[in-house]
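Just so you know, the protein sequences line up as chains A and B, in that order.
216 is the number that my numbering gives to position 216 of the first sequence; each next residue is one higher, with no gaps.
129 is the number that my numbering gives to position 129 of the second sequence; each next residue is one higher, with no gaps.
Calculated from the structure, these hints are not laboratory results.
Mixed in with the good hints there might be a few duds.
Said to hold, decoys possible - Using 20 Å as the maximum straight-line C-alpha spacing, the simulated SDA-like pairs for lysine to any residue come out as follows: (1) B:K136 to B:K78; (2) B:K78 to A:A113; (3) B:K168 to A:A113; (4) B:K168 to A:G90; (5) B:K163 to B:W47; (6) B:K136 to B:R151; (7) B:K78 to A:A62; (8) B:K168 to A:D149.
Stated by the list, open to error - Per the computed footprint, the stretches of chain B lying under chain A, defined by three or more beta-carbons under 8 Å from a beta-carbon of chain A, are: (9) 40-54; (10) 60-69; (11) 74-84; (12) 117-129; (13) 170-182; (14) 239-245.
Glycine included, every Cβ here is placed at the ideal spot set by N, Cα and C.
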Amino acid sequence: MTATAIRIQESALAPEAAVLDHTLPAGEPYLLAIDKGQTLRIVDLEGNQAVDVIFYNRDDGAEHYSATETLLRQGGIYLTTGSVLYSDDGNPMLTLVADTCGRHDTLGGACAAESNTVRYALQKKFMHSCRDNYLTALQHADIGLGKRDLVPNINFFMNVPVTESGDLSFADGVSAPGKYVELRAEMNLWMLVSNCPQLNNPCNAYNPTPARFLLWNPQ
Amino acid sequence: MEHPGPALDNPPAAAPVDATEHWRRFAPDLPADKVMFSELVPGGGHWSYRLPRGTTLRITALDAGANLSLVLYSAQEKLERYNMPDSLKAQHTAHYTRGHVLMSDMGRAMASITSDTLGWHDPLGLLLDNRLMHEKYGSHPYQENRNGMIRSGRDGLLIEIGKYGLAKRDLVAPVNFFSKVTVDAEGRFRYVPDHARAGDHVDLRLDMDVLVAFSAAPHPLNPAPIYPANKVGLAVWRSGPAQGDDYCRRFRPENARALHNTDMLYLT
């Protein structure tokens, strides 16, 4: 088991050597195929933007990132350098090989129109949400994934501490402009992203911002 | 507390329905005219029910250290299911007790905790799988162990949801009743031993028609060196749905809205 204290690790990879360099505007979905051995970097361009991500095995869509399997194996709730993301079948999907933010959330999930009615007000239901983004991407891609596959996701760059007394808090962000996390794919993957459009939550200062994705082939 | 062994005699033909009123021993405070049925779940046992809105599932730890991993799906639309992150963030909690509501991914209350003698049930969703079970407890195959074979919580839940056409991709993070896991400042789990005592119980009111599936396999962080086969008693009773002054409805404004969203399914 690895402890989950903040572990800052910078990357030596050069952006000009990347095979993909994509800036995802605020509030947008994104579906990307990643090959085993490739390295993915996600950059929080303007700071404290929630990048909501679920990974699937591209060779078997029934196998998905599992928050609970990941947490059970590392013995704690936060992700940082060295964390391994496991699937529901207990297979390693990705490894965090660099992280300049130091903490990423595994428990907060993705916002939805329906959960917005619970958390904020019934009349929020027509605002944009991550789960609408996920469904948009999956409906258009038609790759055999759907609502049942929208499992608890990772919120990169978000800080959602659990207190000893059993409260869940939404703390001030630990991220900042330019902070990034880098992951090495351990299998062929689909990465499903919602660059969170939430406007009701102070965690992003009510200001969703773009995120940048870079991909490198194995060195 | 005694419970029937695995080699029960079959009932006599003159009284062929062996529906024992177990609840009279472990939940005698329940009103007799409201109880629908009850069940003794052996350690590691798993089962599932379809339960209607307005019934309450009384769950009682019959042995100290019991654990019940439980998942919920809407009986009318199985794509709607219990959602751990939505429930936790709506209530800003990492533990469940009286007043808390288990919410679906569709923003509705599925079940509410209306009474609780324990004060903390683990919502973090960790589940014993076969890998960890074999690492911790070794191999206990059927051929050598017969009914002493042990089953992981994950396999128990996969069997149960499979009875309704749900597959492993549909298995959601469960609630672990009677277990307590805290998280320290660095995010590390700490399993609290000796948490549930024999007799501790919780009432889980079903706010919509649900499929409920459960396994009484041990919590994956339970450090016991031998598979803890702790028993759980279940009783289902007619409580009626949440009224306007319901404790859970008033516990938090989020819960009032989640229960409202469920009530909207049952307008007549």
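Now the hints, each set against the structure:
1. B:K136 to B:K78: It is violated: about 34 Å lies between the C-alpha atoms, which goes past 20 Å.
2. B:K78 to A:A113: holds (19 Å)
3. B:K168 to A:A113: violated (26 Å)
4. B:K168 to A:G90: Roughly 13 Å between the alpha carbons, so the hint for B:K168 and A:G90 holds.
5. B:K163 to B:W47: holds (10 Å)
6. B:K136 to B:R151: holds (13 Å)
7. B:K78 to A:A62: holds (17 Å)
8. B:K168 to A:D149: Distance ~10 Å between B:K168 and A:D149 Cα, so the pair holds.
9. 40-54: With 0 residues closer than 8 Å to chain A, the region 40-54 of chain B misses the three-residue bar; violated.
10. 60-69: violated (count 0)
11. 74-84: holds (count 3)
12. 117-129: holds (count 6)
13. 170-182: As far as the region 170-182 of chain B goes, the hint holds, because 5 residues have Cβ atoms under 8 Å from chain A.
14. 239-245: With 0 residues close enough to chain A, the hint is violated.
The structure fails to meet hints 1, 3, 9, 10, 14 from the earlier list, while all remaining hints are met.
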